[in-house]
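J.: Each chain, written out:
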Amino acid sequence: MASFGYTFRKHWRKKRDDLRQAKYTREHDVLFKRKGATKALFIFMFVILTIFVISFLFPFAWILMNAFKPTSEFGLNMMGWPKDFTFQNFVDAFTFKDATTKNKSILEMLAMTVLIAGVGTLVTVFTSTCAAYVVAKYKFFGRNVIFAVVIFSLIVPIVGSLPSQMQMMKNVLHLDGTVIGCIFIYSGGFGANFLLLYSFFKNLSWTYVEAAKVDGANDFVIFFRIIIPMAKGPIIAISIIQLIGLWNDYQTPAIYLPKYPTLAVGLQFLFEKMQTLSYPMMFATIIIAILPILILFAAFSKTIMENTSVGGLKG
Amino acid sequence: MTRIVEQSNTTRRPRRKRRFLKASTIFVIVMLAYSVLHFLLMWVGVNFNSILLSFKSYNRNGTYSWLTGARFFENFELIFTNIGKNVDNYQSMLFSSLAFFVVSCFVTLPISLFFSYFIFKKILASGFFKVIFFLPSIIPLIILTTIYSITVGSNGPVGQLLNAMGIESANLFLTHTSSSWMIWIFCVWAGIGYDVILLTAGMSRIPRDILESCKMDGVPSFWEFIRIVIPLTWSTVTTLFIFGMMSVFTVFLQPWYLAPKVNTTWTIGTNIYFASKGGRALNAPAALGLFYSIIGAPIIVGTRALLNKFFGEVSY
Amino acid sequence: MNKKIFILPLVATSLFLSLTACDRTPKRGENELYITVYDGGYGTDWIDQVSKDYEAKTGVKVVWTADQSILDRMDSELENPESDIYMSHDIRWQEYAEAGQLEVLDDLYESEVEGTGKTFKQRLCQGAEEVSKLEDGHYYKVCYTQGAGGLVYNKTMFDQNNWSVPQTYDQLVALCETINNAHIPLDDPGQYVKPIGWSGADREYYWDYILFEWWAQLGGAEAINQYKAYLGDDGKYSTGYQVYNPSTNHEEFIQAYQYWRDLIVANPTFSNTKPQDAKLFNVNSMFASGQVAMIPYAQWAKYEIQQNSGIQFNFDIAMMKTPKVTGAKGDFNYNVGFGDSMVIPSNIPDSSKENAKDFLRYLAGKEACKTFVDKARGAFLAFDYSIVDLGDLLNDTYIASVYSKLTTCTNVNVCSMNPVAYINSASIMPWIGNTYYYSKAFAAPTNDAYSATTVGNNIYTTAQNGWASWVRLAGFGPND
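Chains as they are written, first to last, in the working numbering: chain A, 1 to 315; chain B, 1001 to 1316; chain C, 2001 to 2480.
Incorrect hints may have been included.
[As the list claims (entries may be wrong)] Rough simulated footprint, nothing fancy, chain B against chain C, three-plus residues with beta-carbon under 8 angstroms:
1) 2028-2039
2) 2173-2184
3) 2419-2427
4) 2437-2445
[What the hints assert, rightly or not] Example chain C residues on the side facing chain B (calculated, C-beta under 7 angstroms, incomplete):
5) 2075
6) 2099
7) 2466
Source of the hints: derived by calculation from the structure; they are not laboratory data.
Glycine residues also receive a C-beta, built at the ideal position from the N, C-alpha and C atoms.
In isolation and in its complexed conformation, chain A is listed as follows:
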């Protein structure tokens, strides 16, 4: 417990230092010193941005507040602080399931999401890493063709290949209705991740590999022992971004796993039913559903914010 307190204080101190530094930069950096009309403009825009941010935070705050009200109180007191503070909605939200939700509770949906998004992320990041590394660093017959085709597939928009994909999954691969089917769809190595890792590997220094080669290490050993540890940073960043993407994916699990809803699919069922039963319980469900993502985001915010820019670019 003491160590937790220490970590927390350390983190807090760092945060405070960062904020102080940001304030100092804002006030003393010549670039950001403003006066006159420019200053007025910035104040005006600050107000606009604040309004926008409030439009985002207010609904969540409203929902959080109402999640602690009994259902009967919500109808009478929508805007006020809870008079009869209760955790019951959260307890109910954790266990609620019925035919509308395919008899799955939010915890079961969460488990399914962790399984599909988690394994899906591991597999696709792994295959992308393998493919990107080889295409970036090895010269072999067809290398340029592979690269060109991949770029083509990423640039040219294809509308609605879903019908054909469904046929493929059902009649050729017989994977519809299975968890593996979902993960299989995610598992390709030639997505946007490929490009990111490709450019990373392209710029990677080759000295270590040469040294290892001299020591007689084979390609597999080099890849797993040297390259992957060196690429740890981008791999983790891509994994997190990929995880968030798969976590929120609707189409694949909705089509191929109708019986075992993930959160993105199942929340819709939960909301549909809870809107008819109890709004506060639905609000509690919303809070429960976004909490894991917010925690992940808080823990990795720096990595995410530094890398989404790159990750998002190559869609």
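Since the structure of chain A is already known, use the hints to place chains B and C on it.
T.: Structure of chains B and C alone, referenced to chain A:
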């Protein structure tokens, strides 16, 4: 035939001719095999099958047969007929989809550019704003749409405000026009965050000395924004513009989540999704997808090429 | 780190293998029967009870699952069936039958139902036989329920206030005024009992159940039967759109809509507040707590309202015969959900097929028919109830009223056996293109876009524009 590209001559070891396959060739094959197979199956195979499907007709017993002779292009003729006469909302879905081009490229993107500039210029609390702009990207869409519709619905805080202003919030998702507006507003509200993230990241790569010389020359903010910041983040702007164009085809859940009853607001994506979902008569949605790919792909690829030329090569 | 990297693919692979190991088809025992029921307004008490009774009688263990996603999975289910019987609405049975995925039930239809002295075919309720076989003359499905729709009312409240059940449309309008004028106060200050509660947000189509009966009253059963044939005046598929002509074939339908407008749109005070935005739950709660006197509903009203609102009725309810409009050609009952099906997949072992058929035969017996009514609180299976002794169940005012509606009115339904209609079932229906006007019309009472004339013309135009495409999707040529 396989060698490591960057391997220098000094470290290259003598060829071992005795082996049939070199170790690194095996390595390359192992590393690529899965991804190549997956790609062949799920991209090449799927798209090829799409083309085949769109030249087949569906038999009521669940099988497909080839269209021949005069009926060869039947699925595509049907698309033209349906668009012309608005059968099964083909016309309205085209307009509803195209609207997202306007919304994404000419509303969301300019607002985001504007917001990003001020965040980039370290407006008060810019770090906090940046974090908040991340939220819509990481929260599941169903939660965003649910929160939005509850908030503006007749029970929600905004809905009650609207009622007080004389706008009946109970009717917002009832007709095509009002539902469309509500969906567009949602898309701007929820879409700005994503654009801002990418744009501020792009702006942060602008070299400091350029901005410093602007400051010294006393360039007003507006001109700095137009003449310096936009050209220097042009590649990001282009990307987002292309994303905006692609939203015509990619947006499919928002209209359904927000206005499930008003199916005229549904997009091409929504229609293909629901036409496919039953798993029957897949030839029609496959043809529809192919049809819009043939039209959309050259336009989008062409626009990308055009936009990339706009500011020439900006290197820094 | 590098160790972890080695472990990851291993973990992934083992996960894959463990997941593939799950066998999707249940191992069927000789004496087991698997049933999947759509979990809707009938609840699951009935299947639980009937299964127990059947097991006690035959020794065959019935394993049932209630499921709301069954329709999404029906295609893959039939290829690899987990169940021996599927019961649900909207099963596209004609297409599955043509694909050979459904068991032919001819022998079941000819077999005798124990204790009734009748064959299975003779046990069917009126109209069920012709919507259960294909053009090839074979039977592929059994109708699930014979529905009843209409206005459900708070009988205790009616009795206490001496309101008589309206027999005619004018009496209904007058009754609504009486209820409003009575100003019966509610707990909330300033609130009083409203005549009708309806949900425009998610159940506006419940109004169909009344509107279709006015349609039948105006045009007679022939009008409905002619409509649902979806054939042109020349008897062709390709001119089927003519059934939507508002000045000839669809005239009575549009008239019925006008009656609805005159009742509901012209008198906003007859409805609950903002019905266009009210969810089913809201109006069910209103009805169950006595805040509204009437509610448009179907046979599952008693079960669903209590289950959905969480309030048990502390008063009697009943379903009224739909009040007659001027010139009505008799009393009609619209068989809500008559297209619902019970089917047996062809891809299951023969012993399971026999068990499944035997179970369906058991359902047609007196005991199961009665249990269904009891446990589903007033819904009736699609069998002839004239030989079923319902006994004290008829003391329940709601069950008695549904029974009376089913037995004393002419039953009509809109299930079509025309391929153009069932292939395009998402578009072809009385409200073509699945477009409803109830909520919109209420929200904008003066908007001409929702007037009877405009709506009638719109429906016809939509039908004319779409028909050629729909005929083609059903596999017919432009001149068939």
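J.: Now look at each hint and say whether the structure bears it out.
T.: Evaluation of the provided hints:
A count of 0 residues in the segment 2028-2039 of chain C with a Cβ less than 8 angstroms from any Cβ of chain B is obtained; the coverage claim is therefore unmet, three being the minimum. Counting residues of the segment 2173-2184 of chain C whose CB lies closer than 8 angstroms to any CB of chain B gives 0, which falls below the minimum of 3, so the coverage claim is violated. Given as covered by chain B, the segment 2419-2427 of chain C passes the check, having 3 residues with a CB less than 8 angstroms from a CB of that chain where 3 are the minimum. For the segment 2437-2445 of chain C, the stated coverage by chain B holds: 4 residues have a C-beta nearer than 8 angstroms to a C-beta of that chain, and at least 3 were required.
Annotation: residue 2075 of chain C was flagged as interfacial toward chain B, and the flag holds, the nearest CB pair being 4 angstroms apart, inside 7 angstroms. Given hint, residue 2099 of chain C at the interface with chain B, holds; its Cβ is 4 angstroms from that chain's nearest Cβ, closer than 7 angstroms. Below 7 angstroms, beta-carbon pairs count as interface contacts, and residue 2466 of chain C has one with chain B at about 4 angstroms; its hint therefore holds.
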